[in-house]
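In order, the protein sequence lines correspond to chains A and B. Be aware that the first sequence starts at 1, since it is given in the UniProt record's numbering, and climbs by one per residue. Be aware that the second sequence starts at 1, since it is given in the UniProt record's numbering, and climbs by one per residue.
FRET-style restraints, in silico, Cβ to Cβ: (1) Ile120/B - Ser148/A: 31 to 39 Å; (2) Lys122/B - Ser148/A: 33 to 41 Å; (3) Gln202/A - Gly3/B: 32 to 40 Å; (4) Glu251/A - Gly3/B: 51 to 59 Å; (5) Asp49/B - Glu251/A: 41 to 49 Å; (6) Leu115/B - Lys156/A: 22 to 30 Å; (7) Gln202/A - Ser96/B: 17 to 25 Å; (8) Phe68/B - Asn250/A: 40 to 48 Å; (9) Ser18/B - Ser193/A: 58 to 66 Å; (10) Arg72/B - Gln202/A: 27 to 35 Å; (11) Ser96/B - Arg94/A: 21 to 29 Å; (12) Asn250/A - Glu86/B: 46 to 54 Å; (13) Phe68/B - Leu93/A: 30 to 38 Å.
Bear in mind the hints are in silico, worked out from the structure with no lab data behind them. As the structure is a computational prediction, the values presented were derived from the model and not from experiment. Positions of the beta carbon are idealized from the N, C-alpha and C atoms, including for glycine.
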Amino acid sequence: MVSPSAVAPRAFRAAQPVKQLVQKRGFAAPASGSFTYETGDAAGVKYASRDLPAATTTLAVVAKAGSRYQPSPAFSDALEKFAFKSTYKRSALRITRESELLGGELSANHTRELLVLRARFMKEDLPYFTELMGEVISKTRFTAHELSEEVEHVMKLDQKGLLGSPANLAINSVHGVAFHHGLGTPTNATSSSPFKKYLDAQAIADFADVAYSRKNIAVVANGADHQEFAKWVKEFFQDTKSGSDVYKLNEEPTKYYGGEERIAHASGNVMILAFPGSSSFTSGQSFKPEIQVLATLLGGQSSIKWSSGFSMLSKATADIPFAHVTTRNHAYSDAGLLTVTITGTSSHIAKASKAVVDTLKSVASGNVTDEDIAKATALARFRALSEGQQTEAGIEATGMGLILNSQPYQIDELGQKIAKVTPDQVKSAAKSLLDQRASVSSVGDLFVLPWAADIGLKV
Amino acid sequence: MSGPSLAPYIMRRPWLRSWMMPFAKWYANASGYRRLGLRADDLIPEENDTVQLALKRLPPKEAYDRVFRLRRAFQCSLAHQLLPPEEQTKPEEDTSYLKPIIEEIEREYKEMADLESMTIQKRK
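Excised from the complex, chain A in its bound form (with noise of 0.2 Å):
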């Protein structure tokens, strides 16, 4: 279905009462300009739609409240878990069973950065679903019994299975080894540390006022018609709250130390190499394509079914068979991660280790050719220009890129930026990332895992 971009539809939004600005399509966009979202704001509340060809509509509100900005320990965990109870309006089952009926799924999760509440449903149900919505966001009822009952019992099983995974374990480890507190936060607290005595449903409402207020969350969706769905955000958004006194966000720019973290465990090993990396594109500053770059250069994994691979890391790795490396840049909004993951045998992964440090040391020193930074760019391009094509990032991104008031997902400039990355900007940022503190985590056998000293990275 062909988006409205003529001059009639923009003249009839233009005599709307909603304030609204449409995004140009960018030239590159494909024939139904599909990949571009057109944005709006109806008294403080972003939102942002694209339409698709399809019979399915993806609607999320997506918040800044992920485990980066919790007051206390687990409130994140706690706001997600309490999505879709009960209402002022309707209890938890009314809104189960009502949406089972119409066919639809509602889900939750949280990042270190963002809340998002997903429905997916039939495209006619959305003044529903969005009523719904809007009625999760600004009534829920957070009742005592619902937290020792439900949440808390959810929550615990939750953490007992992240407890016995050791990739969990290290992820979580290594981002507070790097940015200590705000995204040094881990995402779930274990099963082993104190967040019960933290958790009361008052202070859970308290910090979802904040969380859920007008500036701090973004709608959108995917798949759904945009006046249409102006008409409806415009209508049920209303009663969202316009912050508290009691919370205020923790809004610190990240910074990066560095430094490393050994965790003993019984099932499993998994090493992380981490260096300050990228940060997400729709945040603006501190954004260096040249890492993404330098993530696929080192790669690991390739997309081909049965092959090791013939990037750097690969081709170093190939003769070390248990031991399993991949790459990857996280990007938040201002700041990044660059890691490379590796897990196997312990014995293996030493020796990988190793091999991936001296891979690092030799593309910093200049040892690559151009034909290799080339794959690596056409790669990184690839993987996120076919990202911004599934509904998840898009979703995401667009989200928080409107709730810092910049620009939704704008997948073509993101593909010629990292298309624009020169062979010196790649080998520059590898030297950059050997001069600074590595963050290594270490998790599994102990007695066999090395110290970041010992493969000759500075801690």
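On the provided structure of chain A, position chain B as indicated by the hints.
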């Protein structure tokens, strides 16, 4: 748990209410539980699932005070004594703290039963 009652019928009609209230107050005083320091909701039989759940949902302070009142009343009963007048429950203190929770739980059960037994019609 809450059986059929004429109370809501009477409370909604002011003329009936003003006629019944003095008698109701006299009856509550004459029952004697206030002289053992108890409140009306302490007397609700708790040997069923609904009230057990309601007791779990009580705020911690209310739960503690309830246990104290029950123990004090039991001790008075053993000693065949009444409390001194200043420790007996005053009529204005004798408010309902457990009944609203019980009613909410019953509403939840009823809603669950209604939703289980509804018939669905296809959208036209």
